[in-house]
Amino acid sequence: MPNTSSLFGNRWLLAGVLLLLPFVLQPFGNAWVRIADMSLLYVLLALGLNIVVGYAGLLDLGYVAFFAVGAYLFGLLASPHLTDAFPWIATMFPNGLHLSLWMVLPMAAGVAALFGIVLGAPTLKLRGDYLAIVTIGFGEIIRVFLNNLDQPVNITNGPKGIGPIDSVSVFGHPLSKRLELGFIELPSVTLYYYLFLLLVVVSVVVCHRLENSRIGRAWMAIREDEIAAKAMGLNTRNLKLMAFGMGATFGGISGAMFAAFQGFVSPESFSLMESVMIVAMVVLGGLGHLPGVILGAVLLAALPEALRYVAGPLQEMTGGRLDAAILRQLLISVAMVGVMLWRPSGLWPKPEHGKRLQSVEGHDA
Amino acid sequence: MDVLLQQVINGLVLGSMYALVALGYTMVYGIINLINFAHGEVLMIGALCSWSLINILQPAFPNLPGWVILIMAMVLASLAAASLNFAIEKIAYRPLRNAPKLAPLITAIGMSIFLQTIAMIIWKPNYKPFPTLLPTTPIPIGEAVITPTQLMILGLTAVALAVLSWLVNATRLGRAMRATAENPRMASLMGVKPDMVISATFIIGAVLATLAGVMWASNYGTVHHAMGFLPGLKAFTAAVFGGIGNLGGAVVGGLLLGLIESIGSGYLGELTGGVMGSQYSDIFAFLVLILVLTLRPSGLMGERVADRA
Amino acid sequence: MLSHHVLQVAGVSKRFGGLQALSDVHLTIERGQVYGLIGPNGAGKTTFFNVITGLYPADSGNFVLADHPYQPKDVHLVAKAGIARTFQNIRLFAEMTALENVMVARHVRTHSGLLGAIFRTKSFTQEEKEITERAHALLEYVGIEAFANVKARTLSYGDQRRLEIARALATDPQLLALDEPAAGMNATEKVQLRALIDKIRHDQRTVLLIEHDVKLVMGLCDRVTVLDEGQVIAEGTPAHVQRDARVMQAYLGTAQV
Chain A
0 MPNTSSLFGN RWLLAGVLLL LPFVLQPFGN AWVRIADMSL LYVLLALGLN IVVGYAGLLD
60 LGYVAFFAVG AYLFGLLASP HLTDAFPWIA TMFPNGLHLS LWMVLPMAAG VAALFGIVLG
120 APTLKLRGDY LAIVTIGFGE IIRVFLNNLD QPVNITNGPK GIGPIDSVSV FGHPLSKRLE
180 LGFIELPSVT LYYYLFLLLV VVSVVVCHRL ENSRIGRAWM AIREDEIAAK AMGLNTRNLK
240 LMAFGMGATF GGISGAMFAA FQGFVSPESF SLMESVMIVA MVVLGGLGHL PGVILGAVLL
300 AALPEALRYV AGPLQEMTGG RLDAAILRQL LISVAMVGVM LWRPSGLWPK PEHGKRLQSV
360 EGHDA
Chain B
0 MDVLLQQVIN GLVLGSMYAL VALGYTMVYG IINLINFAHG EVLMIGALCS WSLINILQPA
60 FPNLPGWVIL IMAMVLASLA AASLNFAIEK IAYRPLRNAP KLAPLITAIG MSIFLQTIAM
120 IIWKPNYKPF PTLLPTTPIP IGEAVITPTQ LMILGLTAVA LAVLSWLVNA TRLGRAMRAT
180 AENPRMASLM GVKPDMVISA TFIIGAVLAT LAGVMWASNY GTVHHAMGFL PGLKAFTAAV
240 FGGIGNLGGA VVGGLLLGLI ESIGSGYLGE LTGGVMGSQY SDIFAFLVLI LVLTLRPSGL
300 MGERVADRA
Chain C
0 MLSHHVLQVA GVSKRFGGLQ ALSDVHLTIE RGQVYGLIGP NGAGKTTFFN VITGLYPADS
60 GNFVLADHPY QPKDVHLVAK AGIARTFQNI RLFAEMTALE NVMVARHVRT HSGLLGAIFR
120 TKSFTQEEKE ITERAHALLE YVGIEAFANV KARTLSYGDQ RRLEIARALA TDPQLLALDE
180 PAAGMNATEK VQLRALIDKI RHDQRTVLLI EHDVKLVMGL CDRVTVLDEG QVIAEGTPAH
240 VQRDARVMQA YLGTAQV
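Residue numbers (numbering that gives the first Met the number 0), protein chains in the order written: chain A, 0 to 364; chain B, 0 to 308; chain C, 0 to 256.
FYI, nobody ran anything at the bench for these hints, they're computed from the structure.
Don't take each hint at face value.
[Unchecked claim] In silico DSBU-like links for lysine-lysine, alpha-carbon gap of 35 Å or less:
1. C/K121 to C/K79
2. C/K128 to C/K214
3. C/K198 to C/K214
4. C/K79 to C/K198
5. C/K189 to B/K100
6. C/K79 to B/K100
7. A/K159 to C/K72
8. C/K121 to C/K214
9. A/K159 to A/K176
10. B/K123 to A/K159
11. A/K124 to A/K349
12. A/K124 to C/K150
13. C/K189 to C/K150
14. C/K214 to C/K189
15. B/K192 to B/K89
16. B/K89 to C/K150
17. B/K127 to A/K159
18. C/K128 to A/K124
19. B/K127 to A/K349
20. C/K214 to B/K100
21. B/K100 to B/K89
22. A/K349 to C/K214
23. C/K72 to B/K100
24. C/K121 to A/K349
25. C/K72 to C/K128
Predicted, not measured: the structure shown is a model, and the values here were computed from it.
Between the sequences and the hints, there should be enough to build the whole structure, so can you do that?
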């Protein structure tokens with residue numbers, strides 16, 4: 000069976016680079032480590048969406064909904080909002096609601112999975128393009144609710160968002176505070192980096208295992224030809240729901256981490272543009288191919304941020320019309336059109352096996 | 000009761016605009032099986048172009064009545080939008096006509112965002128007021144009122160539909176379009192050039208969307224780069240609702256959706272005891288879409304397409 | 000204890016709007032037989048095939064598969080019950096390798112889920128081993144073991160057909176239902192196909208075959224049912240059916256028979 004990690008060549012080299020990255024970036028400013036942190040969160044999102052789009056072939060354009068679910072879940076359970084808005088909750092939790100990391104992660108995963116199944120269920124019989132539109136609809140519906148559920152009962156605090164949100168604590172140390180280890184001092188962004196890196200590594204392992212398993216193959220069969228898959232006995236309905244649910248868990252976890260990292264969540268972080276960007280990461284990177292997906296995520300997450308520093312002069316040149324956000328959108332949209340026209344299988348697709356072309360030895364007449 | 004009549008009028012006006020855009024979606028889908036995600040953006044570009052044009056024409060021809068300027072702007076903007084749509088189809092969609100399903104979808108989405116971003120760059124992101132070119136005194140109808148702008152919308156839509164109907168039924172081009180929609184291979188064997196038919200479809204769609212865009216801007220008074228997204232999505236819902244690929248269905252779907260949205264959001268507050276107000280009105284279209292696709296995917300006027308094994 | 004009759008069908012009718020596609024169709028397939036279903040175009044062969052592979056229900060009639068009543072409510076239950084089919088226009092999982100195509104067909108006889116996959120439990124690893132070995136064995140059986148790790152879409156037409164058969168066999172079917180397997184094949188490929196089906200029969204598998212190539216059917220099948228306009232007009236050994244007057248009339252105009 001193909002071992003995609005062999006493509007990384009020297010695994011130790013890769014591990015070393017990843018572990019030392021914060022120290023390389025820090026001299027340039029914490030902002031760069033922050034970019035790395037956000038990139039890791041996007042990698043998680045891309046990995047999750049890859050299960051839905053890459054493995055099972057279900058074009059979900061509303062994936063940001065699960066990111067939002069995880070973020071708001073953590074936001075609600077680890078901030079003063081609920082205790083402020085509902086006196087009866089305040090009396091139940093006199094010290095406030097402060098959930099720990101170990102409780103949050105499974106909860107975010109579970110609730111997101113539930114949403115994944117609920118939102119996936121109506122789409123089971125739809126074909127590609129209709130599925131895409133319906134998922135857009137769901138993403139928008141979630142956003143509208145987030146924006147408006149401050150009346151009559153203030154659950155989400157509407158457009159004002161929820162904050163301040165606790166940071167997570169690992170072994171008693173809150174990650175928002177720097178860590179002193181003798182001669183090294185690790186700032187908060189670096190601490191988060193290692194937490195996110197751990198989550199990403201675990202996720203990559205999980206995805207790799209899923210890919211090479213009975214369920215993974217079943218998902219791919221559905222992607223390739225749903226009718227043939229059914230004829231071979233695959234319960235496509237349940238398998239699709241499984242894909243939605245499993246994919247959503249990554250979104251939920253990433254969302255919870257995002258909430259802790261930012262300390263604040265509001266509906267504008269969960270727009271359609273985000274969903275599209277995550278789809279772009281997966282498709283442009285290499286659908287269904289883990290290294291490609293990671294590459295796509297890192298490029299689309301980090302590059303526009305890095306461009307901020309270039310955008311300054313551009314902004315002046317064009318009289319304020321081109322700023323970093325606009326540049327990012329421009330790049331992503333051009334990339335989407337361009338890659339589909341010139342390299343539709345993505346920047347780093349699954350390698351074709353070259354064996355076949357040599358081993359045909361007069362086999363067929 | 001008077002509220003209902005007003006909602007009906009508003010709904011028909013809204014629905015007319017949805018219908019015009021839905022026609023664009025349904026024509027393209029009927030011929031090349033592609034949901035042109037970027038179609039809503041054509042509405043936006045048409046509206047913004049007309050805004051720019053009006054800002055040039057008005058001072059240039061200060062003595063012309065408002066409605067003349069409006070029509071001139073509409074015509075010129077349609078030309079611009081049509082050329083743009085033609086170019087988009089040729090450059091981005093045509094090469095992918097035989098590609099696996101995902102590719103044209105992604106390209107269309109990318110194109111949609113690209114157009115929005117370009118519009119943001121050219122016209123800047125702020126909401127701009129659309130000049131009032133028509134008289135504003137409302138005309139009473141029973142216990143409701145209708146503005147001249149709304150009347151114009153209804154009238155223009157009717158005219159556009161009549162012209163389209165003539166085009167599709169009585170001209171060679173129309174015959175070619177219908178033939179290609181039904182059986183592309185047969186049509187090409189009969190001498191119809193599919194590329195030409197498809198380009199024509201995109202051009203006509205752009206003109207209709209521009210009309211809708213200008214009217215939308217006139218009715219709601221503002222233009223901005225993101226104004227096409229939601230109407231586009233809703234118009235697509237209307238097209239599916241009426242039966243995708245079916246022109247009459249697009250019109251019926253558009254009008255019905257407009258009515259549902261208008262009447263629904265008007266009464267939503269009452270229905271839910273004040274819990275949900277009209278800010279949830281955007282969700283109506285999505286709910287309709289989900290219901291239609293779940294319960295009757297062929298739409299109101301579409302044919303039942305049997306599952307090919 | 001394997002049943003003697005693999006498939007018993009009686010009184011099957013199906014109407015589509017104004018067209019009576021099937022009227023009172025009946026047949027019985029015994030274990031180890033290669034059973035042919037033939038008839039001129041529009042006779043109802045495909046409709047019958049689609050009915051027994053769960054695409055739509057019959058209006059009336061009953062089916063017994065390996066001594067159990069058979070009435071699949073959904074397509075995916077068909078393979079589980081014991082009928083595995085191939086498609087006239089080959090439907091492989093194009094981007095998956097030949098091996099993976101066959102492995103995925105073991106799905107219905109295996110059971111590891113998400114947890115097993117993620118935590119690599121013992122039962123999961125054991126099952127994966129079994130699946131892989133079985134898949135290799137089946138590829139070898141149909142003769143394309145050399146292409147195990149190449150994408151299905153790169154195989155030649157004849158090899159793709161074999162792969163489809165290997166994939167269907169992986170579900171451990173009671174009945175292998177082949178939908179025009181010789182479609183689009185040249186003479187050499189047909190000879191190879193025939194050899195493969197013979198081999199399958201030799202190994203005590205039961206096969207139902209729809210085919211247009213009458214010569215292939217007559218040479219290969221143990222028994223044949225002939226449909227015309229939705230009705231059974233003849234049933235028996237190829238030799239017997241070939242001489243049947245009604246059959247000859249139904250095929251009037253064709254050079255065969």
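Quiz item: Does C/K128 pair with A/K124 here, judged by a C-alpha cut-off of 35 Å?
Solution: 34 Å, holds
Quiz item: When you check the alpha-carbon spacing of B/K100 and B/K89, does it fall within 35 Å?
Solution: 18 Å, holds
Quiz item: For the pair supplied as a hint, C/K214 and C/K189, is the alpha-carbon distance within the 35 Å limit?
Solution: Answer holds: C/K214 to C/K189 is near 11 Å, not above 35 Å.
Quiz item: Regarding the pair A/K159 and A/K176, is the alpha-carbon distance no greater than 35 Å?
Solution: Judged against 35 Å, a Cα distance of about 26 Å means the pair holds.
Practice problem: Given the hint that A/K349 pairs with C/K214, test it: the Cα-Cα distance must not exceed 35 Å. | Solution: 44 Å, violated
Exercise. Please work out if A/K124 and A/K349 have their alpha carbons no farther apart than 35 Å.
Key: 28 Å, holds
Quiz item: Would the pair C/K72 and C/K128 pass a check requiring their Cα atoms to be no farther apart than 35 Å?
Solution: 32 Å, holds
Exercise. Compare the distance between the alpha carbons of C/K79 and B/K100 with 35 Å, and conclude whether the hinted pair is satisfied.
Key: Holds, because 30 Å separates the two Cα atoms, which is no more than 35 Å.
Quiz prompt | Agreement of C/K121 and A/K349 with the hint, judged by alpha carbon distance not exceeding 35 Å | solution = With Cα atoms ~29 Å apart, C/K121 and A/K349 stay inside 35 Å; holds.
Quiz item: Are the Cα positions of C/K189 and C/K150 separated by 35 Å at most?
Solution: 23 Å, holds
Quiz item: Within a Cα-Cα threshold of 35 Å, do B/K127 and A/K159 meet the stated pairing?
Solution: 25 Å, holds
Practice problem: Take the C-alpha atoms of A/K159 and C/K72, compute the straight-line distance between them, and say whether it is at most 35 Å. | Solution: 51 Å, violated
Hint compliance for this structure: hints 2, 7, 8, 19, 20, 22 are not met, and every other hint is.
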